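Participant: Chain by chain, the residues:
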Amino acid sequence: GAGVSQTPSNKVTEKGKYVELRCDPISGHTALYWYRQSLGQGPEFLIYFQGTGAADDSGLPNDRFFAVRPEGSVSTLKIQRTERGDSAVYLCASSLGLAGNEQFFGPGTRLTVL
Amino acid sequence: AQSVTQLGSHVSVSEGALVLLRCNYSSSVPPYLFWYVQYPNQGLQLLLKYTTGATLVKGINGFEAEFKKSETSFHLTKPSAHMSDAAEYFCAVRETGNQFYFGTGTSLTVIP
Chain L
6 GAGVSQTPSN KVTEKGKYVE LRCDPISGHT ALYWYRQSLG QGPEFLIYFQ
56 GTGAADDSGL PNDRFFAVRP EGSVSTLKIQ RTERGDSAVY LCASSLGLAG
106 NEQFFGPGTR LTVL
Chain Z
28 AQSVTQLGSH VSVSEGALVL LRCNYSSSVP PYLFWYVQYP NQGLQLLLKY
78 TTGATLVKGI NGFEAEFKKS ETSFHLTKPS AHMSDAAEYF CAVRETGNQF
128 YFGTGTSLTV IP
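Heads up: the protein sequence lines correspond to chains L and Z, in order.
The opening position of the first sequence corresponds to residue 6 in my numbering, with each subsequent residue numbered one higher.
The opening position of the second sequence corresponds to residue 28 in my numbering, with each subsequent residue numbered one higher.
Watch out, some of these pointers could steer you wrong.
Computed from the model, here is a short list of chain Z residues facing chain L with C-beta under 7 Å [said to hold, decoys possible]:
id : residue
1  : G70
2  : L71
3  : L73
4  : K85
5  : F117
6  : N125
7  : Q126
8  : F129
9  : G130
10 : T131
11 : G132
These aren't lab readings, by the way, just hints derived from the structure by calculation.
Please read all numbers here as calculations on a predicted model, not as lab measurements.
Note that CB positions come from ideal geometry on N, CA and C, so glycine has one too.
Pulled out of the complex, with its shape left as it was, chain Z reads as follows (with noise of 0.2 Å):
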């Protein structure tokens, strides 16, 4: 079965430091990752995915994400933090299916 585990459900960083969210998959066949943020009030976005090609995918807001396949990963960094990216954080997983599987989340807080 399909699963995804996000290590850490709470992160803090200090603004300007690098942020670094963990996200490791199981899967059977070659998936495709996404990562959403979520803010306060609102509705998923989507931040960026990885389907096939370069293993480095980069978002929107400065993040980025590196699919290592040996790893089961696809660890979500952004080399500063700033106050606006607080937020809930969610990996998920599709295989060849139409599920998604969604981690539990990590709620990010941005120190000043």
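Chain L extracted, bound-state conformation (with noise of 0.2 Å):
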């Protein structure tokens, strides 16, 4: 497809689980970044990939979080041991990675943990 896409849509799973969010960035696409969003807030940054690797990591929360993208294109985002707080929606964003360059979004995976 043209755009980002982000899988599952929706993701409902229990305290204490690991889950896997996946990205597919647009084809091209060097610089990738994932953002929480929360109800009534703006995209909060979590972790940003140049290529394979992670140039910024400094918004994940902590270490139950971990991000990778193997290939330098699809990543997938891992968190382990799931707390009610998690629940939000994940946004992915693709971008050229230059200065200056817009982000285009995924539609975003939300998350509930009950």
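Put the two chains together into one complex; each comes in its own frame, and the hints tell you how they fit.
Facilitator: Put into structure tokens, the structure is as follows:
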């Protein structure tokens, strides 16, 4: 497809479980971002990849959160031992990575932790 | 630290009236500035951006924004609101690094 895709669109899990969220960026986009958006808030930065490496992971809230992008394209956000406070919409965006380039967002994954 | 402030979490305008959504930022260097729109159950879509050059930027759907360095503002305007403009609007700032900082959003309601 032409845009950023994210799967699943919705994920319901129980407290303490492990989840993986997937992001397929636009082809050719070297930069990939993960954000978390809570109800009534703007997107909150989590992590940024340039190519395969995590160039900035300062937004990850704690060590339960981890993300990978092994081949410089698809990325997976992994959350261990989920907590109810992790419930949010997780957004992925990609860009050409150059200063001034806008990000293109996916539709998000709505995570609900019961 | 970078911050983005959107004054007014909810704005209501009549159809055909002027739309004004406010955004102020804090930055120690000239930033890149963006406005995104989010329609219900959809992803964020870029409306317009300021990088360099002309401070008045025109975007899609008749929106425009003006970068005012002295006021550290980047307010979004549209001369005549349409029902289809009802959505959530986010202002975002990027400095020299790669982090984007988003405001908390403004929900626009258009009254027929």
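Participant: With reference to the structure, classify each hint as holding or not holding.
Facilitator: Here is how each hint holds up against the structure:
1. The restraint placing G70 of chain Z at the interface with chain L holds, with a minimum CB-CB distance near 4 Å, inside the 7 Å limit.
2. Against a cut-off of 7 Å between C-beta atoms, the interface hint on L71 of chain Z holds, since the closest Cβ of chain L lies about 4 Å away.
3. The criterion of a C-beta within 7 Å of any C-beta in chain L is met by L73 of chain Z, whose closest approach is roughly 5 Å, and the hint holds.
4. Given hint, K85 of chain Z at the interface with chain L, is violated; its Cβ is 15 Å from that chain's nearest Cβ, farther than 7 Å.
5. Hint status for F117 of chain Z: holds, given a least beta-carbon distance of 5 Å to chain L, under 7 Å.
6. The interface hint given for N125 of chain Z holds, since its Cβ lies 5 Å from the closest Cβ of chain L, which is under the 7 Å cut-off.
7. Evaluation of the Q126 of chain Z hint against chain L yields a held restraint, the C-beta minimum of about 5 Å falling below 7 Å.
8. Against a cut-off of 7 Å between C-beta atoms, the interface hint on F129 of chain Z holds, since the closest Cβ of chain L lies about 3 Å away.
9. Because the beta carbon of G130 of chain Z sits about 5 Å from the nearest beta carbon in chain L, less than 7 Å, this interface hint is met.
10. For T131 of chain Z, the interface hint holds, since its Cβ comes within 7 Å of a Cβ in chain L; the closest pair sits about 5 Å apart.
11. Interface restraint check: G132 of chain Z against chain L, minimum CB-CB distance 5 Å, threshold 7 Å, status holds.
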